[in-house]
Every structure is written in C-alpha cells, then in structure tokens.
Amino acid sequence: MVTVKTRRKIKAIISKILMLIFFVFLAFLALLPFYAIVVASFAPSERLFIDGIRLNIDPKNFTLQNYITLFTDKTIYYWDWYKNSVILAVLSTVLGLFLSSVVGYALAVYQFKGRNVVFLLVIFLMMIPVEILLLPLFQMEVSMKIINTYAGVLLPFLVSSTAIFFFRQYASGIPKDFIDAARIDGCTEYGIYSKIMIPLMKPAIGAMTILLALSSWNHFIWPLIVMRTNDMLTLPVGLSSLISPDETNYSVLLSGSVLSVLPVIIIFLFNQDSFISGLTVGGVKG
Amino acid sequence: MRKNKRSLISRFLYSQKIAPYIFILPFVLSFAIFFVYPIIKTVILSFQGMDSSGSMVFVGLKNYQSLMNPHFFKAVRNNIVYTIIMLLLVIPIPIILAVMLNSKNMLFKKFFRAALFLPSLTSIIVAGVIFRLLFAENASAPVNAFLGLFGIQPITWQLDTRYSMFLMVILSVWTAIGINVIYFLSGLQNIPVELYEAADIDGAGYWSKLFFVTIPQLRSVTIYVLTISIYGGFAMFAQSYIFWLTNSPEDSGLTMVGYLYKQGFEQGNLNVAYATGIVLVIIVFILNVIQLKFFGLFRKEDA
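Protein chains in written order, with this note's numbering: chain A, 1 to 286; chain B, 1 to 303.
Chain A extracted, bound-state conformation:
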C-alpha cells in the first residue's frame, strides 16, 4: 500500500518536473521575439543594416537614440498614428458596446417576429470574411465623402456580430423575473435596458470592451484602405508604411512597435482574467 502511494508520488513529481521544463522552454519561445525587439530598439539603428539584430545585450551599443527620435523628430507622424489609434479604439469600443448590446439584449429577452432570422444572420456574419466587401465599401465611402476620416474606418464595422452573439448568450442567462418586476414597477422597455440590464451585464460589458478595443487597435486592412494621408494612419498601418524595399526607417519602426504593444501588455497584466473571458468569446481578427 505504502509503496504504491510513494510510487505514485514519485511519478507525480517527475511529471511536474518534466512539464515545468517543457513549459519553460515554450515560454522562452513565446517571449523571445519580445525580448528581441526590445533589445533591438535600444541598439543603434544603423547597425541593423549591417548585421541584423543581436540578441545579446551589448552595453557599448546601448542607446536611447531610437526613442529620442520618436519623441523629438518633427518630421515623423508616429504620435498622430498613436492618437488616431487611441481615438478609434475608444470610439469603436464605446459605440460598439452600446449598439451591439441592445441588439443582443433584444434577441435574448423578447419574443418577436423575425427574431430567429436576425439571430441566424448574426451567426452567418461571424463566418463571412468582410475582406470581400473592401472594394464596394470603399466606393460607397468615396461617394459619402468619408474616405480618410474616422467615420470611414468606424462605420462599416461598428455593430459587431461577435459582440451581439456574446451579449445575447449572456443576457439569456439572466432570470426574466428581474424584467417582469421592473415592468410592474412602471419601468419602460428602455428603462429596463438602461437601469436593470446594464448593471446586470457588467461582466459581459467588461469582456466585450477588451475584445472590441483590441480588435480595433490591431485592425489592419480596412484602415490601410480608408486612410489616405500620413497624418491619418493608425499604428499598424503607419508602422507598416515605414517598411520599404529601398529604405526602411528602423529607428522609428522598432521603438514605435515597442511602444505600440506596451500599453496593451500592461493592461493585460493587470486585468488577466477579464481579458481572458473577453477573448474566449470571439476571435481577434488581425
């Protein structure tokens, strides 16, 4: 009896150690690229042409020049891109939360004609690559004169089918008694949404805030098409515009990339659990 127990214990310890070693190796692979770009961002950018990035930290080569360029060079648009990305993320999150949650709420709570059709369309949209609509949407925006504006980037994707789906699932789980009680108290249908449902859906709202903000922050192909002038680009589009076959501006590219991911990582580290529940409901489309 004792030997079986000890044998089992030894087995558990061995499996603990093996898994630990394996995951240390995996974490190393996952984090190495971050390490590489941070180290590279503190190295002289001229060296990059000659010998690429190096992974060892060389105190002789340490320089803040790339970051100084980022903050002092008046000819670059980096902070415009930053501003645009922040504004777009805030607007698309706030408006998207409101516009998607009302739909999800209605699909969950009300019985009405056409409900199932709308719900099926929501699911259908989650499976269709919006990329096929780039061209007609672009032409539509040209005639609406909203090319190169925030509205142009925001409007077509403001109502998120993933968020509707999630809010619908979440609101379905809320007992109907709350709603009936509010109705008896004389609450209007809109009052029920704003006074009863919003507080009850708080966890869902938190999760969707992260999903919507992150997908806006990382969105690439649509702002690439809509934004036409340098001062209107977003971070991913602006950073990619620095890459050119003739001359890549590594100085801004490296330090700028680091500073574009850093806030996201910091926010994640402080809100791990809500991040994870936010992202498990819908993919982050790059």
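It should be emphasised that the hints constitute simulated quantities derived from the structure, not laboratory data.
Note that the coordinates shown come from a computational prediction; the quantities given were computed from them, not determined experimentally.
Beta carbons: idealized from backbone N, C-alpha and C, even for Gly.
Mixed in with the good hints, there may be bad ones.
To be verified - Calculated lysine-lysine pairs in the DSS-like style (CA-CA distance at most 25 Å, straight line):
(1) B:K209 <-> A:K5
(2) A:K145 <-> B:K41
(3) B:K209 <-> B:K104
(4) B:K17 <-> A:K195
(5) B:K109 <-> A:K9
(6) A:K176 <-> A:K113
(7) A:K16 <-> A:K5
(8) B:K209 <-> A:K9
(9) B:K262 <-> B:K74
(10) A:K16 <-> B:K104
(11) B:K62 <-> B:K262
(12) A:K16 <-> B:K209
(13) A:K5 <-> B:K104
(14) B:K209 <-> A:K11
(15) A:K176 <-> B:K17
(16) B:K104 <-> A:K9
(17) A:K176 <-> A:K202
(18) A:K113 <-> B:K17
(19) B:K110 <-> A:K9
(20) B:K62 <-> B:K74
(21) B:K41 <-> B:K62
(22) B:K262 <-> A:K145
(23) B:K110 <-> A:K16
(24) A:K145 <-> A:K83
(25) B:K104 <-> A:K11
(26) B:K41 <-> B:K262
(27) A:K11 <-> B:K109
(28) B:K110 <-> A:K11
(29) A:K195 <-> A:K176
(30) B:K109 <-> B:K209
(31) B:K109 <-> A:K16
Unchecked claim - Label pairs and their in silico Cβ distance ranges:
(32) A:S172 <-> B:V81: 37 to 47 Å
(33) A:W79 <-> B:A199: 52 to 62 Å
(34) B:L87 <-> A:V94: 29 to 39 Å
(35) A:N230 <-> B:S140: 32 to 42 Å
(36) B:L87 <-> A:I87: 33 to 43 Å
(37) B:D160 <-> A:V90: 35 to 45 Å
(38) A:L31 <-> B:I286: 34 to 44 Å
(39) B:Y14 <-> A:V94: 18 to 28 Å
(40) A:Y35 <-> B:Y14: 51 to 61 Å
Given chain A, put chain B in place with the hints provided.
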C-alpha cells in the same frame, strides 16, 4: 391635438411589441447598408465590364474566366496550403498545452498561461516587424546565427520562395497558439466534474479519460476554433503584406485577399476584384457549412 399625436407616437415607440424592433435597429441598418447593399453590388459588378466606349455592360462570366490565370490559382493554392497547415498546428498543439496547463501537476499555471498568451496581443504587423528581423538574411541575424551553430549556411528567408509559406505560418502560429490555448482552457473548465467521477468509478485510466471524456467534451470549442481558423486562413493578408507588401517573389505569398487588393486598389481591375470577392466568399461559406454539418452544430443548436 398635437400633444395627443405625440403621445400616440411615444406610446407606440414604448410599447412592448415595438421596443425589440427599435433595439435591433442598429444591426438591421448596419446589415442592410454595409453588408446587403455592397454584396448585391459586388454580385452585379462581378458580371459587368467596360466596353470599348467606356460604359459598363453585362459581360457574363468573363471576369470569372479571367480568374483562370496562374496568379489567382497560386493565390488559391497558397490559401489552401496555409489553412491546412494552420489547422494541423493551431488546434492539436493548443489542445495538448491546455490539457497540460489544466492538470493538477502543473506548476505556475497563471504565469505560463500569461506567457503563452502574450503573443496573441500583438498585431500581425508588429509581430511581422519582429519576425522580419529574426529571419533577416544576415549571417548574424538570430535564426541564421542559430542555424550557423549546426554549420548551416545563412538563408535568405524572405527572398527564397521555398520559405515563404514557412514565414507566414510561423508568424501566425506565434500569434495564434496562445489565444487558442485560452479557448481550450475555458472549454476544459466547463467540463462537469461528475463526468470524471463517473469515469473513475468505471475504472478509467488517465488516457481513456482524455480520449473518451475530455476530447469529446471539447467539441464545441473545437468547432469554434475550426470555424475562425478557416475564416482566418482564407482571409489572410497582413501576414503576407508585412513580409513582401503586395509583391512576393513568384507570388509565393500571394493570397486571395491580396489578389483582390492588387486588382482592386493597385491595378484598377475593379470587376475582376469583385469576382475574386465572390469566389472567396463562396469558398469560405461552403467550407464552413460542410464543417458545421459534419460536426452537427446546427442540429445541436436547433434542438
């Protein structure tokens, strides 16, 4: 009289019958304006073309026929190969990692979960910037330097067409593994404990519990990941753009969306681009319907 009318309207708007329609208005409007209208336009224009006088005329399947060219075939092939490789990597590996992370013998779970997940926070563009540097062609660039330790000559990763697919895949794998691990972890945590207890009573061992309880229970998460991976595989664009912009050597990084982008936004062959879009949506839609039918999602949801 006016007051009366207003209260009628407001009573109408506030009624329990009308309220849901007002609530779903954002979706209906957005769907009509930004989906139905452009899709109809896309279908119509994909059958049109410019005649010699410069006006739009119906040209039948001409735009679709013009897709029968080596560039477009290469793009389709790239999307298919890319999607298959991605499916083989970013579903099984995350399942294994999630099962390990979820086991009681795992130490520092939260740390490793965060470490694996961090790459999923970066945009493909920033990830691409990093991978361009890691896979630079210099002998002293990290990957070449590492291979050099084994006596392998430096590789010109981005110029050598044999490695194009590899570069796009490894970039995507790096950003996708973490989020998929999170999906499967949340799936694992939703499995009722009673199932394992019942299996224990039946005397099931570790492996039979894994294959007969855990993996079948992950079905709906797997379907979800499969659906978004197929979507992502066929909508892929940024992974190629960040390495070669829109001109990869011998089209080795060309994708259908890339082809659409080139035709529509660079070369001005709008009608061909419309046809490309239609082909793309048909392919993804058929694949997803087959996939969902195969796994029986519709049946389960409707019941």
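Comparing the hints with the structure gives:
1. The suggested pairing of K209 (chain B) with K5 (chain A) holds, with an alpha-carbon distance near 21 Å, which does not exceed 25 Å.
2. Of the supplied pair hints, the one linking K145 (chain A) and K41 (chain B) holds, its CA atoms being roughly 19 Å apart against a limit of 25 Å.
3. Taken as a hint, the K209 (chain B) and K104 (chain B) pair is honoured in the structure, with Cα atoms around 15 Å apart against an allowance of 25 Å.
4. A distance of roughly 20 Å separates the Cα atoms of K17 (chain B) and K195 (chain A); the hinted pair therefore holds under the 25 Å criterion.
5. The straight-line distance between the Cα atoms of K109 (chain B) and K9 (chain A) is roughly 20 Å, inside the 25 Å bound, and the hint therefore holds.
6. About 19 Å separates the Cα atoms of K176 (chain A) and K113 (chain A), which keeps this hinted pair within 25 Å; it holds.
7. For the given pair, K16 (chain A) sits about 16 Å from K5 (chain A) by alpha-carbon distance, which is consistent with the 25 Å threshold.
8. Between K209 (chain B) and K9 (chain A) the CA atoms are separated by roughly 20 Å; this keeps the pair inside 25 Å, and the hint holds.
9. The hinted pair formed by K262 (chain B) and K74 (chain B) meets the criterion: a straight-line CA distance of about 14 Å does not exceed 25 Å.
10. Pair hint K16 (chain A) plus K104 (chain B) holds up; C-alpha atoms about 9 Å apart against a cutoff of 25 Å.
11. For the suggested pair K62 (chain B) and K262 (chain B), the alpha carbons sit about 19 Å apart, so the restraint of at most 25 Å is met.
12. A hinted pair counts as satisfied when its Cα atoms are at most 25 Å apart, and K16 (chain A) with K209 (chain B) qualifies at roughly 20 Å.
13. The suggested pairing of K5 (chain A) with K104 (chain B) holds, with an alpha-carbon distance near 17 Å, which does not exceed 25 Å.
14. For the proposed pair K209 (chain B) and K11 (chain A), the alpha carbon gap of about 18 Å is at most 25 Å, so the pair holds.
15. A C-alpha spacing of about 17 Å is found between K176 (chain A) and K17 (chain B), which places the hinted pair at or below 25 Å, so the restraint holds.
16. For the suggested pair K104 (chain B) and K9 (chain A), the alpha carbons sit about 13 Å apart, so the restraint of at most 25 Å is met.
17. Our distance criterion of 25 Å between C-alpha atoms is met by K176 (chain A) and K202 (chain A), whose separation comes to about 17 Å.
18. Of the pairs offered as hints, the one joining K113 (chain A) and K17 (chain B) holds, with about 10 Å between alpha carbons and a cut-off of 25 Å not exceeded.
19. Proposed proximity of K110 (chain B) and K9 (chain A) is supported: the alpha carbons are some 23 Å apart, at most 25 Å.
20. With a C-alpha separation of about 20 Å, the suggested pairing of K62 (chain B) with K74 (chain B) holds against the 25 Å cut-off.
21. Between K41 (chain B) and K62 (chain B), the direct Cα distance comes to roughly 17 Å. Compliance with the 25 Å bound is thereby established for this hinted pair.
22. Of the supplied pair hints, the one linking K262 (chain B) and K145 (chain A) holds, its CA atoms being roughly 23 Å apart against a limit of 25 Å.
23. Between K110 (chain B) and K16 (chain A) the CA atoms are separated by roughly 15 Å; this keeps the pair inside 25 Å, and the hint holds.
24. Note on K145 (chain A) and K83 (chain A): the hinted pairing holds, with a Cα-Cα distance of about 22 Å set against a maximum of 25 Å.
25. Proximity of K104 (chain B) to K11 (chain A) is assessed by CA-CA distance (about 13 Å); at most 25 Å being required, the pair is judged to hold.
26. For the hint linking K41 (chain B) to K262 (chain B), the alpha-carbon distance of about 19 Å falls within 25 Å, and the restraint holds.
27. A distance of roughly 19 Å separates the Cα atoms of K11 (chain A) and K109 (chain B); the hinted pair therefore holds under the 25 Å criterion.
28. A C-alpha spacing of about 23 Å is found between K110 (chain B) and K11 (chain A), which places the hinted pair at or below 25 Å, so the restraint holds.
29. Proposed proximity of K195 (chain A) and K176 (chain A) is supported: the alpha carbons are some 15 Å apart, at most 25 Å.
30. The hinted pair formed by K109 (chain B) and K209 (chain B) meets the criterion: a straight-line CA distance of about 22 Å does not exceed 25 Å.
31. For a cut-off of 25 Å, the pair hint linking K109 (chain B) to K16 (chain A) stands: about 12 Å separates their Cα positions.
32. Against the hinted window of 37 to 47 Å, the Cβ-Cβ separation of S172 (chain A) and V81 (chain B) comes to about 40 Å, which satisfies the hint.
33. Between W79 (chain A) and A199 (chain B) the beta carbons are some 58 Å apart, a value that agrees with the proposed interval 52 to 62 Å.
34. The hinted window of 29 to 39 Å between L87 (chain B) and V94 (chain A) holds, with their beta carbons roughly 36 Å apart.
35. A hinted range of 32 to 42 Å for the beta carbons of N230 (chain A) and S140 (chain B) is consistent with their spacing of about 33 Å.
36. The hinted range of 33 to 43 Å is satisfied by L87 (chain B) and I87 (chain A), whose Cβ atoms lie roughly 37 Å apart.
37. Taken as a hint, the range 35 to 45 Å holds for the pair D160 (chain B) and V90 (chain A), whose Cβ atoms sit roughly 43 Å apart.
38. With their beta carbons about 39 Å apart, L31 (chain A) and I286 (chain B) fall inside the hinted range of 34 to 44 Å.
39. Separated by about 25 Å at the C-beta atoms, Y14 (chain B) and V94 (chain A) satisfy the suggested range of 18 to 28 Å.
40. The given range of 51 to 61 Å is respected by Y35 (chain A) and Y14 (chain B), whose C-beta atoms sit roughly 58 Å from each other.
The structure agrees with every numbered hint stated previously.
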